[in-house]
Amino acid sequence: MKKPIQITKHPLRLKSALIFLLACFVFSSVSSNGQSATASDSSLFYDSHFHLTNYIQEGVSIQSFLHTMGTKVGRSTLFGIPLQQQWDYGNSGDFAPTYYLASDAPLYYYSFTDAYIAMAYKSLTKTEQQRFDPMITGFNPTDMYAADHIRRVLKTFPGVFSGIGEFSIHKEFVSSKISGQTASLTNPALDRILDFAGETGLVVLIHNDVNMPYPKDGQEPYILKQLGALFRRHPHTNIIWAHIGLGRVVQPVQDQLKLIDRALSDSTLNHVSIDISWTEVAKYIVATPQSVKATAALINKFPDRFLFGTDEVAPADQEKYLKIYYLYAPL
Numbered sequence: 112m113k114k115p116i117q118i119t120k121h122p123l124r125l126k127s128a129l130i131f132l133l134a135c136f137v138f139s140s141v142s143s144n145g146q147s148a149t150a151s152d153s154s155l156f157y158d159s160h161f162h163l164t165n166y167i168q169e170g171v172s173i174q175s176f177l178h179t180m181g182t183k184v185g186r187s188t189l190f191g192i193p194l195q196q197q198w199d200y201g202n203s204g205d206f207a208p209t210y211y212l213a214s215d216a217p218l219y220y221y222s223f224t225d226a227y228i229a230m231a232y233k234s235l236t237k238t239e240q241q242r243f244d245p246m247i248t249g250f251n252p253t254d255m256y257a258a259d260h261i262r263r264v265l266k267t268f269p270g271v272f273s274g275i276g277e278f279s280i281h282k283e284f285v286s287s288k289i290s291g292q293t294a295s296l297t298n299p300a301l302d303r304i305l306d307f308a309g310e311t312g313l314v315v316l317i318h319n320d321v322n323m324p325y326p327k328d329g330q331e332p333y334i335l336k337q338l339g340a341l342f343r344r345h346p347h348t349n350i351i352w353a354h355i356g357l358g359r360v361v362q363p364v365q366d367q368l369k370l371i372d373r374a375l376s377d378s379t380l381n382h383v384s385i386d387i388s389w390t391e392v393a394k395y396i397v398a399t400p401q402s403v404k405a406t407a408a409l410i411n412k413f414p415d416r417f418l419f420g421t422d423e424v425a426p427a428d429q430e431k432y433l434k435i436y437y438l439y440a441p442l
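Adding 111 to a residue's 1-based position in the sequence shown gives its number in this note's numbering.
Rather than coming from a laboratory, the hints here were simulated on the basis of the structure.
Bear in mind that the values here come from a model prediction, so they are computed numbers and not experimental data.
Beta carbons are placed, not taken as given, at the ideal position from N, Cα and C, and that holds for glycine.
Among the clues, some could well be false.
Said to hold, decoys possible - Calculated cross-link-like contacts (lysine to any residue; reagent style SDA-like; alpha-carbon spacing at most 25 angstroms):
no.: 1; residue 1: LYS434; residue 2: LEU155
no.: 2; residue 1: LYS288; residue 2: GLY181
no.: 3; residue 1: LYS434; residue 2: ASP152
no.: 4; residue 1: LYS288; residue 2: SER376
no.: 5; residue 1: LYS412; residue 2: TYR436
no.: 6; residue 1: LYS434; residue 2: ALA405
no.: 7; residue 1: LYS266; residue 2: GLY201
no.: 8; residue 1: LYS288; residue 2: ASP254
no.: 9; residue 1: LYS288; residue 2: LYS233
no.: 10; residue 1: LYS233; residue 2: GLY201
Unchecked claim - Simulated restraints, written as ranges between beta carbons of each label pair:
no.: 11; residue 1: LYS233; residue 2: SER378; range: 18 to 28 angstroms
no.: 12; residue 1: TRP198; residue 2: LYS237; range: 32 to 42 angstroms
no.: 13; residue 1: TRP198; residue 2: ASP377; range: 38 to 48 angstroms
no.: 14; residue 1: GLN241; residue 2: GLN429; range: 13 to 23 angstroms
no.: 15; residue 1: SER153; residue 2: ALA213; range: 32 to 42 angstroms
no.: 16; residue 1: GLY201; residue 2: GLN292; range: 36 to 46 angstroms
no.: 17; residue 1: ALA405; residue 2: HIS382; range: 35 to 45 angstroms
no.: 18; residue 1: ALA398; residue 2: GLY270; range: 23 to 33 angstroms
no.: 19; residue 1: GLY201; residue 2: ASP377; range: 48 to 58 angstroms
no.: 20; residue 1: LYS431; residue 2: ARG359; range: 31 to 41 angstroms
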């Protein structure tokens with residue numbers, strides 16, 4: 112049996128990060144005139160889900176992103192993409208794909224992203240650093256050594272990282288492209304990662320679709336059952352479920368809001384929060400007046416369990432960065 116991973120905790124840093132993540136602004140904390148509900152902070156929101164780099168590990172500089180945030184966004188998570196899109200000349204020739212949908216070539220795990228994010232963060236002044244919470248993403252969740260990678264990153268860059276993620280287990284169009292073993296919610300390697308996160312106080316941001324793309328009518332959403340079991344196996348780990356499990360083509364399962372209501376009412380799941388980031392998620396929520404009303408009611412019922420993030424990837428300007436904020440205006 113593999114020995115438990117040991118690491119010196121950084122309680123002040125981790126406590127601060129946890130407070131930030133669980134207190135991020137959702138729309139219920141913004142007044143009707145669009146101003147911040149806090150007197151000391153005039154920003155529109157804090158961003159709980161942001162990628163500085165893209166699927167070929169390119170992006171904007173952190174100084175440029177600070178300018179993009181301006182006074183509109185008070186604070187943000189900071190992470191890259193844990194996957195690299197391979198440029199397979201035999202597949203696309205001289206065309207260099209920059210996104211996973213632009214090529215049939217595989218994706219592979221890219222560990223250097225953690226060092227890149229850490230060095231970007233360390234290039235900031237102490238005051239500027241207070242606006243960011245870097246996250247570790249550069250690990251393979253099917254590898255029993257993944258938790259060891261996370262430990263090494265924490266020891267190499269002490270006091271930098273606040274959590275783990277965003278990383279994916281089941282993700283439409285992505286999971287099937289990743290080289291090697293397919294990630295699974297039942298893999299003990301994932302349990303080891305979440306155990307380690309709980310021991311060290313790291314927040315976990317996990318992407319896992321609520322269902323498969325294009326399911327047949329009446330098909331059991333087995334992924335949802337596995338996800339619930341995973342959450343219950345790790346009651347001491349603070350977990351954020353990204354995008355409410357939705358995606359481009361992964362639509363809400365039947366009675367999803369009722370299922371979320373039931374889950375958030377379950378005392379065994381008090382450690383789980385919901386992320387409503389991504390424009391692809393917003394399209395479902397603001398689709399009709401009825402969907403807006405139902406979602407708003409759920410958020411108001413559990414105002415400390417929902418987080419708002421952009422899920423923007425290396426945005427070139429503030430207009431693009433804030434697109435989802437204004438898309439959610441009906442909410």
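Quick check: which numbered hints come out false for this structure?
Checked against the structure, the hints that fail are numbers 2, 4, 7, 9, 10, 11, 16, 17, 18 and 20, while the rest are satisfied.
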